[in-house]
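With the sequences and hints as input, model every part of the structure.
Read top to bottom, the protein sequences are chains A and B.
Read in my numbering, the first sequence has 309 at position 195, and its numbers run on one by one without any break.
Read in my numbering, the second sequence has 37 at position 34, and its numbers run on one by one without any break.
Any given hint might turn out to be false.
[To be verified] Computed list of lysine to aspartate or glutamate pairs in EDC-like fashion (alpha-carbon distance at most 20 Å, straight line):
(1) B/K312 <-> A/E309
(2) A/K293 <-> B/E163
(3) B/K208 <-> A/D141
[As the list claims (entries may be wrong)] Computed footprint of chain B on chain A, listed as stretches where at least three residues anywhere in the stretch have a Cβ under 8 Å from a Cβ of chain B:
(4) 125 to 136
(5) 192 to 200
(6) 240 to 250
In case anyone wonders, no lab produced these hints; they're calculated from the structure.
Even glycine gets a Cβ: it sits at the ideal position worked out from N, Cα and C.
Spelled out from the first residue to the last, the chains are:
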Amino acid sequence: MSLLGGGILKGMAVTLRNFVGSYFDRDRLTTNDYAWRAGDSLPQHAGEYPKEEGEQLRDTTTVSQYSRNFPMLLHDEGEAMDTIRCVACQICERECPPQCIYIEKSTEKMERGGNKAQFYPAKFDIDVSVCMSCQICVEVCPFDAIVMNSQFELSTSNRFGGLLLRRDDLLKSNGYYHKIHPEEAAARDRRMAEEKAAKEAKKKAAAEAARKKAEEKAKAEAEADDKKQEDTQ
Amino acid sequence: MSSATATAPNYELIQQDGLDTGLLEVSMGPHHPSTHGVFRMDVKLDGETVVDLSPVFGYLHRNHEKLAENMSYLGSMPFTDRLDYFNSMTNNWAYALAAEKLVEIEVPERAEYLRVIMAELTRLVNHLSLVGFFVNDLGALGTPLLYAFREREKILDLFEQASGARMMCNYFRFGGLRNDVPEGWLDRAREVVDRFPVFLDEYEKLLCENEIILSRTQGVGNLSRDLAISAGITGPMLRASGERYDLRKVDRYGIYDRFQFRVPYSDGDVGDCYDRFIVRMLEMRESIGILKQALDGIEHGPVLGNAPKVFKPKPAEVYGRVEAPKGELGFYLIADGTPKPYRYRVRPPSLINLTVLRDMCLGQKVADAVIILGSIDIVLGEVDR
Ligand code: SF4
Ligand code: SF4
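In structure tokens, the structure reads:
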């Protein structure tokens, strides 16, 4: 220790520099507005928080597009329940680590968009007071039916049911998904389209193969028939 | 401490054979700001000097190990985030490393690099918060902690962009990572890393020569190298006591053998609070070096190896460990051929480092017990599990 207090004075110079600097340099500011997150591509109107009452995307526009909060169920274009993607396979219910999903399968199947008729969830509840936002359900879902929402204004004065989200609260359109997680949603759509194309190509190939096989069989049978006839003659 | 009311005193004058011994027993915590969570120290005082101390913990017990034994291997990955909630990335890594030993999975190159990047960023986050809280315990309320948190915020933003969450990342998977980092993430990470030394310089100027910090921490909370080794202390605390031991060098897990870095350690045989503080400051510099090399070396590629769809390892016993910012974090797994582990055990560095608290505090002043606890760097989520 040289001059007693020299170290303290040096430290004070640092705090002074930070104090003055915080008026000019955002990086020196210890409190940070959401909108000032460096380098993050925020959706429109970021930073005006809270936004006007009643606007649908009120709280999701102020968080980063990469953030996740609680799950939501996706439906495609059209009436929500007619295009719900979930087929109530209950994989997510089984895999959810804290066991906060509750699903009841419908009794009859429903057709969606020209695909094979499938079940749908008659009940789909997520208790978000238990959910730990781990995204395991999203990962295990084979139908891209459940993804993460980023809505965070969920406080409620109802202790009992307020945080138990029902199927209809959870249902959100794919468009909404694109709005809150543009990059992720685009990537998911791309992958789904690729998978669909691959499936169709496979189906086509299989049909082609079946047709060829049938042709060959018919030909072979015809030949065999010819031979038989020759033999009998 | 003497503000106890008549109805509920939190101290007790100790009597022996009906005679007043002059000792005072004080219960610090569990709701005491200095105990970093719900932790209690039962301190026996002779005047201001600590003559006995026993840590009391378990308030945050969440049954982590038993829970994990009752769910799939992947299912407990998000729970590991909640062990040491400052360092979810390294917790994930330790667990993934253990599980990867059960079934042989190749981790792709890019994933290995990203794992190192995440782990070193986590080390920065942890040491920053530690130093901030440590000076906070010394009485420097606010300013240094807020500077530290300001920088931490930038790293947490990076975590959020990569994994979706700032603290509970749940980002590692058996055989790689859950998803690749978004476009431009590496550039943003480089920006943060490049700016960091500037901040560190300033931070060192603010703290390292400060006479108050020197006189409060030097010679306080001595831990000898022998005791540290025999108590199983790991991490910066062991290195501050003069033992050069770092799992990144010993095990060279992941791809740590590709990076040039030094392991800071104190050259004496005894470590005090100041040593522990300085070792962490130096470690941050080394982390930046590793980060720069990793950001230079990373290439494009997949981030998830060919992990089996259903994780159902053959019967085996494995132990996977990493150098977490607080010390050796290990996961010990016994597989019995089912999709659930038969035994799942965590070796938490915080808990084991805490065991020498009494030895370090004896004979010290009660106000120093607080900073000694602060210098250990515990997180109760990990101590109690
Ligand atoms: S995010 Fe995790 S905890 Fe929440 S519902 Fe999905 S699997 Fe369950
Ligand atoms: S959300 Fe997905 S995994 Fe869960 S029941 Fe529906 S389709 Fe199955």
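Going down the list of hints, with the structure as the test:
1. For the hint linking B/K312 to A/E309, the alpha-carbon distance of about 18 Å falls within 20 Å, and the restraint holds.
2. For a cut-off of 20 Å, the pair hint linking A/K293 to B/E163 stands: about 18 Å separates their Cα positions.
3. For the suggested pair B/K208 and A/D141, the alpha carbons sit about 18 Å apart, so the restraint of at most 20 Å is met.
4. Judged by the Cβ-Cβ criterion of 8 Å, the segment 125 to 136 of chain A is covered by chain B as claimed, because 6 of its residues qualify and three suffice.
5. Note: the segment 192 to 200 of chain A has 0 residues with beta-carbon separation from chain B under 8 Å; the three-residue rule is not met and the coverage is violated.
6. Requiring three or more residues with a Cβ within less than 8 Å of a Cβ of chain B, the coverage given for the segment 240 to 250 of chain A holds, as 5 such residues are present.
Hint check: a violation occurs at hint 5 only; the rest are consistent with the structure.
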